[in-house]
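Participant: Line by line, the protein sequences give chains Z and R. Just so we're aligned, residue 497 is where the first sequence starts under the numbering used here, counting upward by one. Just so we're aligned, residue 269 is where the second sequence starts under the numbering used here, counting upward by one.
To be clear, the hints were calculated from the coordinates, so they are not data collected in a lab. Every value quoted in this text rests on a predicted model; they were computed, and no experiment measured them. Idealized CB from N, CA, C, for every residue including glycine. Check the hints yourself; a few may be wrong.
[What the hints assert, rightly or not] Per the computed footprint, the stretches of chain R lying under chain Z, defined by three or more beta-carbons under 8 Å from a beta-carbon of chain Z, are:
#, segment
1, 292-303
2, 306-319
3, 341-355
[Said to hold, decoys possible] Facing chain R, a subset of chain Z residues (Cβ under 7 Å, in silico):
#, residue
4, 526
5, 527
6, 531
7, 533
8, 534
9, 535
10, 547
11, 550
12, 551
13, 554
14, 556
15, 667
Chain by chain, the residues run as shown.
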Amino acid sequence: MLESFSSVDSSRTAPTEWLLARIAGPNRAAAIMGDLVELSSTRGRLWFWTAYARTLISLGWRTGGSAFILAFVCVRFMYGTVIRWLMNHRTPGLMDAGLFGMYNPHIRMLSWNLSLVTAQFLCFAMPFILVRFGLRYRLTQLTCALFVISMPAYTLRPWVMDLSGLLTILLIAAALVATRWRKPLAVLAGTCLPAIAVKVTYFVLLPSFFHHRHIPWIPSSWVDATSFAVAAIVCVYLYRRLLQRPSATDHTIA
Amino acid sequence: MNPERSLGEFEQIVLLAVLRLGDEAYGVTILAEITAKTGRNPSPGALYTTLHRMEDKGLVTFRDGSPTPERGGRAKRFVIVTREGRNALASAQSAYQSLLQGLDLLDAQLFGGANA
Numbered sequence: 497m498l499e500s501f502s503s504v505d506s507s508r509t510a511p512t513e514w515l516l517a518r519i520a521g522p523n524r525a526a527a528i529m530g531d532l533v534e535l536s537s538t539r540g541r542l543w544f545w546t547a548y549a550r551t552l553i554s555l556g557w558r559t560g561g562s563a564f565i566l567a568f569v570c571v572r573f574m575y576g577t578v579i580r581w582l583m584n585h586r587t588p589g590l591m592d593a594g595l596f597g598m599y600n601p602h603i604r605m606l607s608w609n610l611s612l613v614t615a616q617f618l619c620f621a622m623p624f625i626l627v628r629f630g631l632r633y634r635l636t637q638l639t640c641a642l643f644v645i646s647m648p649a650y651t652l653r654p655w656v657m658d659l660s661g662l663l664t665i666l667l668i669a670a671a672l673v674a675t676r677w678r679k680p681l682a683v684l685a686g687t688c689l690p691a692i693a694v695k696v697t698y699f700v701l702l703p704s705f706f707h708h709r710h711i712p713w714i715p716s717s718w719v720d721a722t723s724f725a726v727a728a729i730v731c732v733y734l735y736r737r738l739l740q741r742p743s744a745t746d747h748t749i750a
Numbered sequence: 269m270n271p272e273r274s275l276g277e278f279e280q281i282v283l284l285a286v287l288r289l290g291d292e293a294y295g296v297t298i299l300a301e302i303t304a305k306t307g308r309n310p311s312p313g314a315l316y317t318t319l320h321r322m323e324d325k326g327l328v329t330f331r332d333g334s335p336t337p338e339r340g341g342r343a344k345r346f347v348i349v350t351r352e353g354r355n356a357l358a359s360a361q362s363a364y365q366s367l368l369q370g371l372d373l374l375d376a377q378l379f380g381g382a383n384a
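Construct the complete structure from the given sequences, taking the supplied hints into account.
Facilitator: Have a look at this one:
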């Protein structure tokens, strides 16, 4: 009976359904595969596999895992190319001034550090949030706005850094005042703060504890990866708790 | 209108197709209805992404049907528009209606008016 209806052998689609279930969940995956199998009876096997691949990509690229990988690649590009281009070989030693200029107290670093720290973490958070949630959400719009404002601080021109710091403070203050933007700001802060805490722990607290000796057993790239992973997990968790609408089953059906 | 509840064009098309189909709205019939009424041939991936996004927004919900042999023993997942979905759609459509008022675009297209 099945053969007369379907041009795609159901037993062969089991691994593909398993893969789809990893992205969309088992119920959604079963329904999608059922639809594709039903449609393939009139459109053919080639259509089935093409439609399956396109569905997998459409659903898969907004998952937390793919957003994390894309954001991580984006960070490497930002650090390796964009920031280097913005700095344009201008006094890169400022970058080693430490948090609030702790290693070089003669350098005025207060507003500079706010922009630099914001920009540094938004290098990861911005692409992650953009890919994971899309541009239509206030969280993404706020993140992109902060990224655009704070990123010029990497030009290391004092007036640009001061202006960037000032605008960053104003934007954060405006988001705190406006009711609609407060929750997105809370999610963004909650995303960045644990990630900053990981880096501060490694680069500031641990060296102080070990009397400024280098800590050889944790490569700094691992620290980056850990802080980004923490940021991604916290971001998705806070988004679900604070911004996502309740489950559809809680709504009255029209 | 709340921007996070605002509907994109394809979301509106999908919601309208689901409402037209009533109790029979699931992936295959929604795709067929959209093709029949709009001439578009959307990919299943685009439809499922939109449906899942609208489910997350609380605009649609799902009801499982019974497994059928032509689907390899898999159940259909029927789509139901929630009250919020209807409200969002009505709001988006009324915005279109307001903008269309006084333009006579539909009359010109249907009856071959001077501005057609």
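Participant: All the hints need checking, so say for each whether the structure fits it.
Facilitator: Evaluated hints:
1. 292-303: holds (count 4)
2. 306-319: The restraint on the segment 306-319 of chain R holds, since 6 of its residues have a Cβ under 8 Å from chain Z and three suffice.
3. 341-355: It holds: at least three residues are needed, and the segment 341-355 of chain R offers 12 whose Cβ sits within less than 8 Å of chain Z.
4. 526: 5 Å, holds
5. 527: 3 Å, holds
6. 531: The hint holds - residue 531 of chain Z has a Cβ within 7 Å of chain R, the shortest such distance being about 3 Å.
7. 533: 5 Å, holds
8. 534: 5 Å, holds
9. 535: 6 Å, holds
10. 547: Nearest chain R Cβ about 5 Å off; hint holds.
11. 550: Constraint on residue 550 of chain Z satisfied, holds at 4 Å.
12. 551: It holds, given that the least Cβ distance between residue 551 of chain Z and chain R is near 4 Å, below 7 Å.
13. 554: 3 Å, holds
14. 556: Violated. Min distance 10 Å.
15. 667: Status violated, d = 18 Å.
Comparing the model with each numbered hint stated earlier shows that hints 14 and 15 do not hold.
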